[in-house]
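With the hints as your guide, set chain B onto chain A.
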Amino acid sequence: MKQTIPMRDGYGKALLELCARGEQIMVLDADVAKSTRTVWVREQFPERFLDMGISEQDMVGTAAGLALSGVTPFVSTYGVFLAGRAWDQIRTTVCYNNLGVKLAGAHAGISVGPDGATHQALEDLALMRVLPNMTVLAPCDAEETRKATLAMAKLPGPCFIRFGREAVPVITEEDTPFEIGRARLCRSGGDVTVFACGAMVYEALQAAESLDGDGISVRVYDLHTVKPLDEEAILAAAEETGCLVTAEEHQEAGGMGSAVAELLAKKAPVPLETVAVRDSFGQSGQPGELMERYGLDRNGITAAVRRALARKG
Amino acid sequence: MNLLEMSRTVRCDILTMVNRAGSGHPGGSLSAADLLVGLYFGGFLRVDPSRPDWEGRDRFILSKGHAAPVLYSVLARKGFFPVEELWTLRRLGSILQGHPHRGSTPGLDCSSGSLGQGLSIANGLALGFRLQGRDNRVFCLLGDGELQEGQIWEAVMTAAQHGLDNLCAIVDYNHVQLDGTTEEIKDLGDLCAKFRAFGWHVIELDGHDMEQILAAYRLAECFKGKPSVLIANTVKGKGVSFMEGDCAWHGAAPNDRQLQEALAEIRGEEQK
Numbered sequence: 001m002k003q004t005i006p007m008r009d010g011y012g013k014a015l016l017e018l019c020a021r022g023e024q025i026m027v028l029d030a031d032v033a034k035s036t037r038t039v040w041v042r043e044q045f046p047e048r049f050l051d052m053g054i055s056e057q058d059m060v061g062t063a064a065g066l067a068l069s070g071v072t073p074f075v076s077t078y079g080v081f082l083a084g085r086a087w088d089q090i091r092t093t094v095c096y097n098n099l100g101v102k103l104a105g106a107h108a109g110i111s112v113g114p115d116g117a118t119h120q121a122l123e124d125l126a127l128m129r130v131l132p133n134m135t136v137l138a139p140c141d142a143e144e145t146r147k148a149t150l151a152m153a154k155l156p157g158p159c160f161i162r163f164g165r166e167a168v169p170v171i172t173e174e175d176t177p178f179e180i181g182r183a184r185l186c187r188s189g190g191d192v193t194v195f196a197c198g199a200m201v202y203e204a205l206q207a208a209e210s211l212d213g214d215g216i217s218v219r220v221y222d223l224h225t226v227k228p229l230d231e232e233a234i235l236a237a238a239e240e241t242g243c244l245v246t247a248e249e250h251q252e253a254g255g256m257g258s259a260v261a262e263l264l265a266k267k268a269p270v271p272l273e274t275v276a277v278r279d280s281f282g283q284s285g286q287p288g289e290l291m292e293r294y295g296l297d298r299n300g301i302t303a304a305v306r307r308a309l310a311r312k313g
Numbered sequence: 001m002n003l004l005e006m007s008r009t010v011r012c013d014i015l016t017m018v019n020r021a022g023s024g025h026p027g028g029s030l031s032a033a034d035l036l037v038g039l040y041f042g043g044f045l046r047v048d049p050s051r052p053d054w055e056g057r058d059r060f061i062l063s064k065g066h067a068a069p070v071l072y073s074v075l076a077r078k079g080f081f082p083v084e085e086l087w088t089l090r091r092l093g094s095i096l097q098g099h100p101h102r103g104s105t106p107g108l109d110c111s112s113g114s115l116g117q118g119l120s121i122a123n124g125l126a127l128g129f130r131l132q133g134r135d136n137r138v139f140c141l142l143g144d145g146e147l148q149e150g151q152i153w154e155a156v157m158t159a160a161q162h163g164l165d166n167l168c169a170i171v172d173y174n175h176v177q178l179d180g181t182t183e184e185i186k187d188l189g190d191l192c193a194k195f196r197a198f199g200w201h202v203i204e205l206d207g208h209d210m211e212q213i214l215a216a217y218r219l220a221e222c223f224k225g226k227p228s229v230l231i232a233n234t235v236k237g238k239g240v241s242f243m244e245g246d247c248a249w250h251g252a253a254p255n256d257r258q259l260q261e262a263l264a265e266i267r268g269e270e271q272k
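Top to bottom, those sequences are chains A and B.
First residue of the first sequence? That's 1 in the working numbering, and the numbers climb one at a time after it.
First residue of the second sequence? That's 1 in the working numbering, and the numbers climb one at a time after it.
Chain A on its own, in the form it takes in the complex:
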């Protein structure tokens, strides 16, 4: 059994690394510092931490000002309240100015659990990827979240990263490569390709394992960068395996699967099946129960793979 750690721990660890290196950063939070792990910065580097209180719109604007002054801000709160509530601030103040503001949306997806629909970010990828200048990341585990956070610190422009609340298996190592914009091949296969992001990458690997027993060879990619999309990897997969599946903890409309579909429709119209939340809000429940209920697990992916293969003919 793999070790399980919440992805948000990776975010907090990366921020500590950046502070320890003496990088000119400022970490902002909106009264959820314990949840987002920015409390670690507050404890160890208090001069690099600003608790903005419960005012997300002001937090994003303040971060824009910090960026204009030459400081790299990391804006941290729940994804719903960042991508949703402060969307116009992100659009007009951050993206139109093309500022190096780093936005971290915690509590992504339905696996937030008992808090219910108000706190489960299922629209953040859609809201962020339509914005010009924006880079959008959805890493798969705590280690990749750490690397993604370090990588986004180096980007000159705006960047949004989402990560979940629950402890999930750590499937990457310290030396696993991570490059923004380049999908990471997790498993080779020739019959079908699954592009997954976030916690769904582990589920995709489990699904691929069981399908292998049935003689179905599944290629699995960790599509940690939702924007800009790794067109090369997706188009090669379409050509070589002839059908695709996407898996994400997000609304089907506008999310990572939509991004893949937009590309396929234009350049390689092969069968595509999606695993995502279908036009509904979440609800309270235990994370595992919810993932099963909404079909966001290995069984959902396995079924989608079989549908895709059937359509491929």
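Treat the hints with care, since some could be wrong.
If you want the footprint, here are the derived chain B segments under chain A, 3+ residues with CB under 8 Å [claimed, not checked]: (1) 101-111; (2) 125-136; (3) 147-159.
Keep in mind that the hints were calculated from the coordinates and are not lab data.
Here a beta-carbon is modelled for each residue, glycine too, at the ideal position from N, C-alpha and C.
Below, chain B without anything else, positioned relative to chain A:
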């Protein structure tokens, strides 16, 4: 050119720009003209037109982005770009967008236009300069109508929380917004008392009296420990009698006849 002459020049620029563009916002540009002339030409804003990106410069954030014409005129008259550029306002490919866009216009520090966001940005700049031990100052012009946005009051609390005395906000209190007066739409009440209650250093002034404007900037600069706000009582459309106090001129362009009439009135003052 003295400051009063500069104010008249800027007012003529605003009207001519908006007339030639065929659209734009003259009312709230005219009400802020004296405040910006005092800031840029009275020696309070440290800038160098030959080095628009100079790190040591002070920053000005136009939170009420629709008043772009007054800022463009001041930047051009200050020497950031040729005055002729003013006549390209709002045209395809112009360096002067309908609302401010950073990167298009030399001397312009921040994009704006979606109301209520500028003070947060100014706070971030002030915090960043303080963190880096730099002495740059930050100014932010707010409209009175945009004080109806909740984010403004979040930012008002943030500035007080951190005692940002390197920040000076200016409220262009002209009492008129697009649909009518602020009193009939959403009354701002006692603005001075509001800002004082939020922990700010408040300076009330006549926003068209240049001596008072200069004195207010001086006071704000000296005051330590709290952010300062200038509550500037102004008149929407100031200087053009048929525009003054009329919300119809918030976002309408004068036609050629109206322009000539307006320019004559402003230049007439000049001959007194």
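Consistency of the hints with the structure:
Residues of the segment 101-111 of chain B with a Cβ under 8 Å from some Cβ of chain A number 6, which satisfies the need for three, so the listed coverage holds. Residues of the segment 125-136 of chain B lying with their CB closer than 8 Å to a CB of chain A number 9, which satisfies the three-residue condition for coverage. Remark: the segment 147-159 of chain B is confirmed as covered by chain A, as 6 of its residues place a Cβ nearer than 8 Å to a Cβ of that chain, reaching the required three.
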